[in-house]
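2 protein chains.
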Amino acid sequence: MSRDADLLADLVVLKAHGTGNDFVVLVDPDDTLVDLAADTVVALCDRHMGIGADGVIRLGGPPAAGAFGEVEVDGAQVAMDYRNGDGRVVEMCGNGIRVSARIAVDHGLVAADAEQVAVATRSGVRIVDLHRGDGVVTGATVDMGPASTVAARIGLDPDVDTADLVLAGIPERHWSAVSMGNPHVVATVDDLDGVDLATLGPTVETHDAFAEGTNVNLVEVDPEGHLRLRTWERGVGETMACGSGTCAAVAALADRGVVDLDEGPVEVEVEVAGGRLVVRRDDRGHLLLTGPAEVVARLDLDPGWLARLA
Amino acid sequence: MSRDADLLADLVVLKAHGTGNDFVVLVDPDDTLVDLAADTVVALCDRHMGIGADGVIRLGGPPAAGAFGEVEVDGAQVAMDYRNGDGRVVEMCGNGIRVSARIAVDHGLVAADAEQVAVATRSGVRIVDLHRGDGVVTGATVDMGPASTVAARIGLDPDVDTADLVLAGIPERHWSAVSMGNPHVVATVDDLDGVDLATLGPTVETHDAFAEGTNVNLVEVDPEGHLRLRTWERGVGETMACGSGTCAAVAALADRGVVDLDEGPVEVEVEVAGGRLVVRRDDRGHLLLTGPAEVVARLDLDPGWLARLA
Chain A
1 MSRDADLLAD
11 LVVLKAHGTG
21 NDFVVLVDPD
31 DTLVDLAADT
41 VVALCDRHMG
51 IGADGVIRLG
61 GPPAAGAFGE
71 VEVDGAQVAM
81 DYRNGDGRVV
91 EMCGNGIRVS
101 ARIAVDHGLV
111 AADAEQVAVA
121 TRSGVRIVDL
131 HRGDGVVTGA
141 TVDMGPASTV
151 AARIGLDPDV
161 DTADLVLAGI
171 PERHWSAVSM
181 GNPHVVATVD
191 DLDGVDLATL
201 GPTVETHDAF
211 AEGTNVNLVE
221 VDPEGHLRLR
231 TWERGVGETM
241 ACGSGTCAAV
251 AALADRGVVD
261 LDEGPVEVEV
271 EVAGGRLVVR
281 RDDRGHLLLT
291 GPAEVVARLD
301 LDPGWLARLA
Chain B
311 MSRDADLLAD
321 LVVLKAHGTG
331 NDFVVLVDPD
341 DTLVDLAADT
351 VVALCDRHMG
361 IGADGVIRLG
371 GPPAAGAFGE
381 VEVDGAQVAM
391 DYRNGDGRVV
401 EMCGNGIRVS
411 ARIAVDHGLV
421 AADAEQVAVA
431 TRSGVRIVDL
441 HRGDGVVTGA
451 TVDMGPASTV
461 AARIGLDPDV
471 DTADLVLAGI
481 PERHWSAVSM
491 GNPHVVATVD
501 DLDGVDLATL
511 GPTVETHDAF
521 AEGTNVNLVE
531 VDPEGHLRLR
541 TWERGVGETM
551 ACGSGTCAAV
561 AALADRGVVD
571 LDEGPVEVEV
581 EVAGGRLVVR
591 RDDRGHLLLT
601 GPAEVVARLD
611 LDPGWLARLA
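Chain order of the listed sequences is A and B. Counting from 1, one number per residue, gives the positions in the first sequence under my numbering. Counting from 311, one number per residue, gives the positions in the second sequence under my numbering.
Simulated DEER-style distance windows between Cβ atoms: (1) B:610 x A:143: 29 to 39 angstroms; (2) A:167 x B:565: 46 to 56 angstroms; (3) B:340 x A:286: 53 to 63 angstroms; (4) B:576 x A:304: 24 to 34 angstroms; (5) A:143 x B:311: 30 to 40 angstroms; (6) A:108 x B:576: 55 to 65 angstroms.
If you want the ones that stay clear, here's a sample from chain B, every Cβ over 10 angstroms from chain A, calculated: (7) 313; (8) 343; (9) 453; (10) 456; (11) 536.
Hints were generated in silico from the structure; no laboratory data involved. For each residue, glycine too, the CB sits at the ideal point set by N, CA and C.
Go ahead and model the full structure; you've got the sequences and the hints to work with.
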C-alpha cells in the first residue's frame, strides 16, 4: 500500500457537512498526514468511486510555528488543513471551520466541555464559539472578520464600463462590491428561483471589471424582510452555501439600509439551499457567522479501496 | 428516533460501486428493513447531507415466496431489494447485483468460498459467478438474459417517422433497437466525446417512436475494434456505466457483424466512463456481463444524523 493508505488506515475518518458544504475529515492530531497527496484527496472526494465531498479537512493538532508558512498560528489548539476536491490547498472555508471545531470536541482534541476552540487556518487563527444541543455540539459561530464595501477592495476597476452587467441580469444600481478578504458581488433580485445562475454566474465572475474574478451573490428580500441567497462561487459554480458570501450579502444590505446591524445585537437570518445561516456584527465591526456543523458517519475505508491509492 | 433509524443503527452499512454506479448497501440478512421508507433512501443518497449514492441496496436473506410479489424467487440465497436515489423501487440493476453478490460473501450471507451466488431480484433469480483476487471477491459475471434486436420489443412504432433522429445527431441507418428486457437504442458515432448527450439523450428518449421511452447508447469503434460507450439512462441521465446498455450495444454490433460473438467463447471488452465491462454470449444465447464490484468503506451512521430521519 502507499504511504497515505497506510496512514489513513490508522486515522478516524468522518463525513460531515455545514449547510450542505460537505467534507471528508481526517482526524490527525499527531500530524502524520501533513503531506497528504493531491491524488488521495481526489480519490476520497470522488462522489462515485470514493466517499464524495467538496473537500478534505485534515484536522491536525496544535500547529508549530511555520506550519502554514508565514501565517501566524500562535495559540491555536487545532489546525484546519483544507484542500478542495481537486487536491489544491485552500486558505479558508467558513463552513469547514465550524465542522472542524465540532470534531475537535467530539474526538478529544480539545476538552469535551470547551466553549471555544482556537482553530488555525491558512488565513490565521479563528476563534470558534460552540453551540450544543442535547450535550452534542450542533453548530458554531465564527468570526469572519470585517466587511469592506469599498469597491476597490475587490479589484473593481472604475474605468471599466459595467453597464453590460444589467444586460446579464443584475439590476442596475442594485449591485454592490464587498470584500470579505475575498471578492463578492451582491445583487438583489425579485425572483431568486427564476435566475439562470449557471449563465449569469460565469458572466459576472469573468467580467473585465473584476481583476481577480468575483463570487456572485443574489439575494431576494421578501415583504417581511426575510433573506434568501444563492451564491456562484468563483472557480467552483453554484454551491449549497457560502459563508463569506452570506456575510457579504448582509454587509451589502446593511450598507443600503435594507437591514440594520447597529440596533443592539441584531441577528440577520439568511436562507441558503443547504439550510439557514445567521449573521451579526460585533462592536469591532466584525461579522460573526453562525451555522450548523453536522456529522453524517464515521468511515472505515476498505483495505481493497486503500490498496488502489497511488 | 424513527423506526428506520433504530434499525439502521444495528445493520452493517457500506458504500460500494460497480464501474462508478454507486450504492449504499444495507446488510439485512434478518429482513428487518423490508419496509424501508422512501425518505430514508433519499436521505442516505443525498450527496451533500447524506452519504451519497445512485441508490440503496437492502441485501436481504433468502426470500420467502411472495417477497417480490409474483416474481419467482425459489432457490435464491440472498435478495437484492433495490431502490433508486429518489426512493422508488426498481426491478434490476446490473452493476448492483455484482456488488450484492460480493457483499453476501464478505459478510457471511453465503459461504466464504462460494463460487456462485443465486440473487433474487424483482426481475427473477440471477446466478452470479464470483471472481477473486488475493482471496477477495473483486468482480462477478451476471447472466443478463438474451438480447432481442426485434424493434417491436422496445415498443418502437413502425408507423412513426424516425428521420428526425438523424437531425438529432444519430447517424442514419446506424442505429438499432435492442431489448434487454428494457428498451435500448444503440447508435455508432465517429467522435464519442464530441456528442452533446445532454441534448441528444432526452430528444431520443422522449421521441414519439418509442412508446415506453428508451435508453440511448452511443458507441465508438476505433480502428483496432475497441469499443467505447456512453449511455443516457431513461429517467436518469448520463451515467458512468449501464449494464444492460453495455449488453445491448454488443448485441447490436454483433447483429451488424462489427463484432463476432459466435466464434468460440469470444469476450468483447467495452470501455465506459466508470471502467471496463466484458460481454460474452453463452450457448443459450444469453449475454454474460463481467465487471468489478468494489467496496469503498463501512459506515457508522452518526446518532445525530439518524435522529433527524423522519
